[in-house]
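These protein sequence lines are chains F and P, in that order. Quick note: the first sequence uses numbering that gives the first Met the number 0, first residue 0, plus one each step. Quick note: the second sequence uses numbering that gives the first Met the number 0, first residue 0, plus one each step.
Because the hints were derived from the structure by calculation, they are not lab data. All values derive from a computational prediction rather than experimental measurement. Certain hints may be false.
Said to hold, decoys possible - Partial list, computed: chain F residues near chain P (C-beta under 10 Å): (1) S10; (2) E26; (3) H28; (4) L29; (5) A31; (6) S33; (7) R62; (8) E72.
Even glycine gets a Cβ: it sits at the ideal position worked out from N, Cα and C.
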Amino acid sequence: MDCRDIQEKLSAFIEEELSPAERLQVEKHLKACSKCGLALEDLRRTIALTKGLEAAEPPPWLRQKVMARVREEASRQKGIIRKLFFPLHIKVPLEVFATLAIALTAFYVFKTVEPEIKQPTSIVVPPVDIQEPEKKEEFKQAPVPTVKERPAEAPGPAKRMIDAESAAPIDEKADEAVSLNEEKTVSRETSGAAGFRMKKELRSFAPGVLMKAGEEEKQAMGLTVFVKDTLNVNEEIEKTVKELGGGIIRSEAAGDKLFFTVKLDSGKLKELKEALKLLGEVEEESALSFSGGDVEVGIKVVKTEVRLH
Amino acid sequence: MQQNPDPDYETVLRCQKGDVDAFEQLVIRHQKKMFNISYRMTGDFNEAAEVVQDAFVAAYKNIKGFRGSAGFSTWLYTIVLNLSRNRLKQMKARAVKEPLSLDDPVRTHEGEMKPDHPSNDVPVPDRLERHEVEQRVHGCIKSLDDEFREVVVLRDIQGLSYREICDMLRLAEGTVKSRLHRARESLRVCLKKHRGEL
Numbered sequence: 000m001d002c003r004d005i006q007e008k009l010s011a012f013i014e015e016e017l018s019p020a021e022r023l024q025v026e027k028h029l030k031a032c033s034k035c036g037l038a039l040e041d042l043r044r045t046i047a048l049t050k051g052l053e054a055a056e057p058p059p060w061l062r063q064k065v066m067a068r069v070r071e072e073a074s075r076q077k078g079i080i081r082k083l084f085f086p087l088h089i090k091v092p093l094e095v096f097a098t099l100a101i102a103l104t105a106f107y108v109f110k111t112v113e114p115e116i117k118q119p120t121s122i123v124v125p126p127v128d129i130q131e132p133e134k135k136e137e138f139k140q141a142p143v144p145t146v147k148e149r150p151a152e153a154p155g156p157a158k159r160m161i162d163a164e165s166a167a168p169i170d171e172k173a174d175e176a177v178s179l180n181e182e183k184t185v186s187r188e189t190s191g192a193a194g195f196r197m198k199k200e201l202r203s204f205a206p207g208v209l210m211k212a213g214e215e216e217k218q219a220m221g222l223t224v225f226v227k228d229t230l231n232v233n234e235e236i237e238k239t240v241k242e243l244g245g246g247i248i249r250s251e252a253a254g255d256k257l258f259f260t261v262k263l264d265s266g267k268l269k270e271l272k273e274a275l276k277l278l279g280e281v282e283e284e285s286a287l288s289f290s291g292g293d294v295e296v297g298i299k300v301v302k303t304e305v306r307l308h
Numbered sequence: 000m001q002q003n004p005d006p007d008y009e010t011v012l013r014c015q016k017g018d019v020d021a022f023e024q025l026v027i028r029h030q031k032k033m034f035n036i037s038y039r040m041t042g043d044f045n046e047a048a049e050v051v052q053d054a055f056v057a058a059y060k061n062i063k064g065f066r067g068s069a070g071f072s073t074w075l076y077t078i079v080l081n082l083s084r085n086r087l088k089q090m091k092a093r094a095v096k097e098p099l100s101l102d103d104p105v106r107t108h109e110g111e112m113k114p115d116h117p118s119n120d121v122p123v124p125d126r127l128e129r130h131e132v133e134q135r136v137h138g139c140i141k142s143l144d145d146e147f148r149e150v151v152v153l154r155d156i157q158g159l160s161y162r163e164i165c166d167m168l169r170l171a172e173g174t175v176k177s178r179l180h181r182a183r184e185s186l187r188v189c190l191k192k193h194r195g196e197l
């Protein structure tokens, strides 16, 4: 081992970091080499001088400055944490409250609007098959004053004719009453398009032609006869109905119009229609068909000049 | 239950829970060593003070991430060492841009002072000899390459163990020892050149 190798190990030799064998080698060399011995001495002094450096005292304000910055940082971190999380303490209940308020408002609004929403949807319901006997409609008779209910009126056919001026208000009142009754009945007892259709049909028969509710199987149809003169129509209709084995339940006059409610076997309807055609043009306002039994038929007789549609 | 050997363990735990006062205890405990590492690395009192402040603030910000794989002091000294290296680079860059004049004021512990040029006056009194020696050693340390300076500072000035130095510098023990030997040799040459004899 030459001097260069020995001097490489001098630091470790001083710090006693060498293995016993290496240490022995270095010690042996140092005894023989004054140059390396001097290098060792210089190194020891160098280390001693370095280690002997007096530790510099930090400035007295250093701790305060450090802590001032640290506290500033801490409050800034708290600020960030507050921004991120603190609002949650406030916001969560607020958001829950707002959501509940919106939900309740929506519920009450829906409740209020619900009937309006339901009504149009009933149109979508499949129409009731009116031909089915189980699905018969019950209709209340409109409080229309009949001839019998009005004894003051002349009982005779000629006297039944009421002038248009006095009849008009009655018609209007009756029509209103029928409308109200119809609406109530239809909305409660029918549903969907069938109810809607029935209501429309009834309006066309008012005031004299009404379907009557009863225990028996009764259905209705409407016929409008357009005649040139209504003078003998009354007798003609009475006669025809009698011949067909039926009877007039009700008859009344309003201006130039005559209204009859006739009870007749459904099988004779065709014949009735044919007989009425002899009086004038017949228009069937109801498209109902009948399976059998007695039915009520509304006949409206209208003077051609006052044909209204 | 085995107690953690790190004397700072309990205090660090309190800091991690947000106790700022506990951090102040760590500042009191470590500021001197932190300051001296930085001062010997940068060779500048004021720069060292600034570096130490930055190092403590950085440590506070990251204390929750400290897992204790090494000692807290080792972790803290690594921060100040790294920041000192960065500051040193900035200082060197600044020195290149603004070359110093011999008449420029010198920054010292007490502030700035005008350079005292050699004169033919009476020799330096004995009481100042020690101070002169220190200044010379300080100057020689400052003249070392960064990688040599840091091992001398950590081992010979701060007295850290090889284990700690290896952890801080992320170097093998052999490399540290080798660097240290070269650093000491450079110092010896530097001191002998200026003093004639050691």
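Taking the hints in turn, this is what the structure says about them:
1. S10: Holds. Min distance 4 Å.
2. E26: violated, 18 Å
3. H28: Constraint on F:H28 not satisfied, violated at 16 Å.
4. L29: Not OK, violated: F:L29 not within 10 Å of chain P, min 16 Å.
5. A31: At 22 Å from the nearest chain P Cβ, F:A31 fails the 10 Å test, so the hint is violated.
6. S33: violated, 16 Å
7. R62: Holds. Min distance 6 Å.
8. E72: Status holds, d = 6 Å.
When held up to the earlier numbered hints, the structure conflicts with 2, 3, 4, 5, 6 and fits the remainder.
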